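Trainee: Taken in order, these protein sequences are the chains called A and B. For the first sequence, the positions run 1 to 234 when the numbering used here is used. For the second sequence, the positions run 10001 to 11179 when the numbering used here is used.
Careful, some of the hints might be misleading.
[Claimed, not checked] Listed next, the in silico DSS-like pairs over lysine-lysine satisfying Cα-Cα at most 25 Å (straight line):
| # | chain 1 | residue 1 | chain 2 | residue 2 |
| --- | --- | --- | --- | --- |
| 1 | B | K10920 | B | K10944 |
| 2 | A | K78 | B | K11168 |
| 3 | B | K11168 | A | K15 |
| 4 | B | K10603 | B | K10593 |
| 5 | A | K15 | B | K10016 |
| 6 | B | K11168 | A | K76 |
[What the hints assert, rightly or not] Here are a few chain A residues that face chain B, going by a calculated C-beta distance under 8 Å:
| # | residue |
| --- | --- |
| 7 | M57 |
| 8 | L101 |
| 9 | T122 |
Hints in this document: simulated from the structure, not taken from any laboratory. Here the structure is a predicted model, which is why all the values come from computation and not from measurement. Using N, Cα and C, we set each Cβ at its ideal position, and we do this for glycine too.
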Amino acid sequence: MAAFVECIDVQKIYKMGEIQIKAADGINFSIEKGEFVVIVGPSGAGKTTVLNILGGMDTASSGQVIVDGVDIAGLKGKALTKYRREDIGFVFQFYNLVQNLTALENVELSLQICKNHLDAETVLEEVGLADRKGNFPSQLSGGEQQRVSIARALAKNPKLLLCDEPTGALDYQTGKAVLKLLQDTCREKKMTVIVITHNSALTPMADRVIKIKNGRVSKTWVNEQPIPVEEIEW
Amino acid sequence: MMSRGQWKDFFIEIRKSFSRYLSILFMVTLGTSFFAGLRSSEPDMKESLDAYLDQTGYMNIRVLSTLGMSEDDVTALGAIKGVTDAEGLYSVDVLSDLGDSPKVIHVQSITGQINQLTLDEGRMPLAPDECVADRALCDQFGLELGDRISVYSGKDDELGDDLEDSLGEDTFIITGIGISPDYLTIDRGTADIGTGSVSGFIAVDKTAFTAPAYTQVYVRADVLDQYNCFSKKYAEIVDGLIEDIEAIAGERCEIRLYEATAEHRNQIADAKEELAAGRAEAEAGFADAWAEIEAGQREIEEGKKALDEAAAQLITGKAEYEAGLKEINAALAQIAEGERQLAAGKATLTEKQQELAAGKLQLEEGKQQYEAGLAELESAKQQIEEGEEQLRMLEGMMAAAENAYSQAAEGWEKRKADLEDQQAALDEAKKAYEEEHGESWEKSLFLSLSQASLDSQWVTIEQLEKELAPLKQAMEDARTAVDESRTQLEDGKAQYDAGVKQLEEAKAQIDASEAQIADGEAQIAAGWAELEANEKQLADGKAQALAGQAELAKAKKELEDGEAQIEAGRAELIAGEQELKDGIAEYESEKAKVEKEFAKAEKQIAEAEEELAKIELPQWYVLDRNTVQNYVEYDLDAQKIGALAQVFPVLFFFVAALVSLTTMTRMVEEQRTLIGTMKALGYSSTSIAMKYILYALTATLFGSVLGVWIGSKMIPWVVITAYGILYQYMPVVLTPVRPWYALLSAGMAVFSTVGATWMACHRALTSQPASLMRPVAPTKGTRIFLERMPFIWKHLNFSLKSTLRNLFRYKKRLFMTLFGIGACMALLLVGYGVQDSIEAIVNRQYHTVWVYDMAVYLKDSEDEDLMAELDEYLMENRDMGGWLDVYTEGMEAEANGAFKSIMLLVPEDPAQMDDYIKLKSRTKNEQYALDADNAFISEKLAMKLSLEVGDTMTIKIDETKEYSVTVGAIVENYMQYYVYMSPEAYEKVFDDEPKWNQRLLSYGEGVELSAEEEERLSAEFLDLKGVTAMVSSSELRSTISTMLKALDYVVLVLIGAAGLLAFVVLYNLNNINITERKRELATIKLLGFYPGELAAYVYRENIILTALGIGMGVLLGTWLTNYVIETVEIDMIMFGRGIDTSSYIIGTLMTITFSVIVNVVMYYRLQKIDMIESLKSVE
């Protein structure tokens, strides 16, 4: 069975004047469909570059990024945008909700551009925010905001859920709850979830762990028995 | 105050955010340029005029006197302290045939230093017959250097006011063409001759004038040149000078009176003497003439008398003749009657003779008959004797017969009587039997045998009876024959006797007739004799009568001759009388004429004396420039611009200040963290704030300098150039930068931007550094009021909901954008609106109000020949649709303390008015028809005189006569003040009949003629004697349109300003919008919005704001346009009210275009937003 997501020799080189900076220097990994993946590494290791490339926000300088059989490294402009709007769900560190829209409307905002989406209210119910759907972000706690953010991503029914430090701005308990939501989603919906974090304490909960260091994948392993997030302490 | 690092940061900041820097700079430029420019316009206008007037040495004061001014007066004025120069000016209004009709020309003497002419070409006159001609005059009538202008007096010749009294020349060669500071506009003032309005001036050398006194004296004080002539100081000095001049006026006037009246007095004395001599001479002549007339009169009287006598005689002769004639006629009638009777007598006699002859013949016949009668009688006598014989025989026969019969009858009767006795005895027996036996007698045989014997006897009797009858017959026949014969005989006897008697009678008759005839014959003979005697008598009478007739005829002839003679005599007499009458009439008329002449001379002398008496002490009028109309109008127009400058720039300033405020606030907010860091590092608040204040200050200062310079130069130039259309003879345009306005506008700009910056910094600087370092909480989302109306909100789509929330989320930006776009739209509307209003003057006036195509000025509508010629021409001309005669006259109207020069128009046929001039309301959809009582007045007149329908106004003619009239309707009209009246109303009000002096022509419905066709028409019209001039509507329209083209500058400036405003405001605000929402936009982009969708997310807000801004601009612009129009409106002209729909559309489209351009630029900014931004933490 071919991998659902596969990176082959992905390089990203920034040119700052005369200097070349290799943010990604030949990254290789593959992910199976429905896996809960944690990409972990210290700051500046190149996780964000991987995220950007996987999320269609940036293009690789060389190499292949195959998502569900399509090489997105070769996509440009509109095709890349199409990839973002239809195949990717994004969960941000700072939630990035539109302040002027209610929880429900924030979900709807992403749905209006997506063909194969789920019902916004149902998804909000699933993330446990049925009661708060009419509230503005400023009226919600951080965890609730992040749930809205996750709901926004999930409602699109994406192939891939990309989460950038989803707990970064949350306290311990809330962060745990959010991670649980993500893990449950992965299990229940067979959604491929990729969580990017610098916190290696989270690795036991993943199906697959990809460790990045200095622009390369330093180590990847598969947990045969992932531990539920409730049992993890950090 | 700032460290090197800070300075460096400051410069880098400017470079980095140069577009923001420029937006402040331009906003300030815009605000200050409008402020400084418009505020400078009024003083610039005034300064330009002042400079021109100083440059030409325009008089400060002019002195006029009721008796003119002498050279001594000029000297005296020059000697007044402060006066640097005084010069006398001769002037006279004359006529000259320029163009097609006499035009009034103002001839004035050239002055030295005061009121200098500005020559466009040529040179000043050197000889008395040379002149400098008015630029306007030359332009109007195509005059060039070297052309000659011939002039003549416009006054009535009888009054003796000849050209020679004022001018020594009557033809002038143009040696120069120029302008005079006396005239700034095309208006050259009025005159009391010709058409009443002056066409232009010519300036000639003083020596060309023969007038005894100066018309006026110009006075100048050079000290005044240093003040603006509209300034207070100037007015003060002038007032002082006027007082000084008035102080010497009394003395000067007395001297002047003595000088002026000397000649006058001598003239009167001479005239009186001349009159007396003439009168004496005339009286002698008349006495002689009268004597002659009297002699003639006597002669005629005598002739008349003789003639009357002859006439009396003639009358007697005539009567006699008439009597004679009557007599003779009677005699003749008698003779005729006699003759007739004679003829009748003759006829009677002849008839009698014939009758007599007939009688004789008859007599003879009668005699013969008598003889025959006698013979017959003889034979009759014989016959009678024979008859008597026969009778005796017959009587014998008869007696025999009678005897026979009587015997037979006697025997029968005896037998019969025996038988009857037997029968009777039997019957008795029978009866006795029957009584005895009781049975029938027949049973007795006896009886039966007796009876049978009796019966046989009865049969024999009967037979015997039958034998008697023939005997009786024979006896009777004989008797009859006897009777017959006897009767015949007796008849014959009687006949015979009658015949005898007859004959005897006839004999007597015959005898009588014979006697009668003899008598008749004798009578006839006597008649004849008488007749003959009568005949003779008649013949004599006739001869006599004929002789009398001849005599009468002769007398008649004589009478006729006499009559003819008398007629001739009488005719002669009448001729003589007529001659005499003529002589008298001649005498009378001659005498009257002479007397009239004397009377006239006397009257003249009296008048002259009266005039002399009337010449009072002259009075001086010391006038300053405020009595010069052009000068005052210019002042008013400048003030209008000043008024405009009060509102307009404020608009720009407001926008500029708001833009600066938002921009700087945003800048400070963006740099919170930096400020916090700086503060934390220990920099003082002032030195931190200094960066932002300097940023705003330098941008503002550069902008101010640019704005003040551009504004002060360009805007007054545009204004003065635009007014140059009106003040076309004001050549100076000064547009200095005015320090006060420069400082004021720059100061205001600095105050508002720096103030705004300080406020923004102040908030940040008073916060704790720690809180500054924390991200500012994003503006909270809130529900908007629309959400409280779910029935609406539910139906809105998602994007619209978010757009609406966003709009209200950034309220400051909302109002700024609304205001910016609104102002842009308003400015465009003002620009186009002003243009519309001005074009409306032309378009409406000539398309919907004055719909006639040409006005023809009539020379004299009462001259039938001229009018017939014109009518005929118009009838034959296929281009003519119709015409209407009207009466127009300039008058003055007064109401509510205000007065205006009006034009009165009376149409000959008010019913036709609608085809030439539409009388309708501008605001209401109403048409009016002139009525018989009221006057209809034009809208602006109603406005200026505060009149409403039903009010009364006063119309003045010649300042003396006043009439009041009621306002019947207020009608649309844009040029001049018009009053329309029907002929009936005119007669009622003025008690006079209108005299048609104009004819309005229409080419017909929808007919337009080309310029060439109209030119041909004009030329043909001028060939008609009855037409003095004509004006074509389309030509006038295009002339005015060309003039108004200059106003396009104003519109262009406004459009430019509006565009600039729109760009600066929209760019700035969009910029801020995008910057503020960068994170949100990046997230949305990341969520997979296509570039178009992302742009639409932002544009929806802009579209709504633009639409709302346009709506606001429409309101603001409409109000502002009305304000501007009412402020700048010129006297006599009403600008159109209201803005055309097309202008609203163009304004909207342009605003949308500006907005679209800015948004297109913004599109690229949006595309540049980095999605990675969304991943970053909030700063």
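Trainee: Take the hints in turn and mark each one as holding or not.
Mentor: So, going through the hints one by one against the coordinates:
A distance of roughly 19 Å separates the Cα atoms of K10920 of chain B and K10944 of chain B; the hinted pair therefore holds under the 25 Å criterion. In summary, the hint linking K78 of chain A to K11168 of chain B is supported, as the alpha carbons are separated by about 15 Å, within the 25 Å threshold. With a C-alpha separation of about 18 Å, the suggested pairing of K11168 of chain B with K15 of chain A holds against the 25 Å cut-off. Simply put, K10603 of chain B and K10593 of chain B have alpha-carbon atoms about 15 Å apart, close enough for the 25 Å limit, and the pair holds.
Pair hint K15 of chain A plus K10016 of chain B holds up; C-alpha atoms about 22 Å apart against a cutoff of 25 Å. Of the pairs offered as hints, the one joining K11168 of chain B and K76 of chain A holds, with about 15 Å between alpha carbons and a cut-off of 25 Å not exceeded. Against a cut-off of 8 Å between C-beta atoms, the interface hint on M57 of chain A holds, since the closest Cβ of chain B lies about 5 Å away. A cut of 8 Å between beta carbons decides the hint on L101 of chain A: the least distance to chain B is about 6 Å, and the hint holds.
Annotation: T122 of chain A was flagged as interfacial toward chain B, and the flag is violated, the nearest CB pair being 17 Å apart, outside 8 Å.
Of the numbered hints stated above, the single one contradicted by the structure is hint 9.
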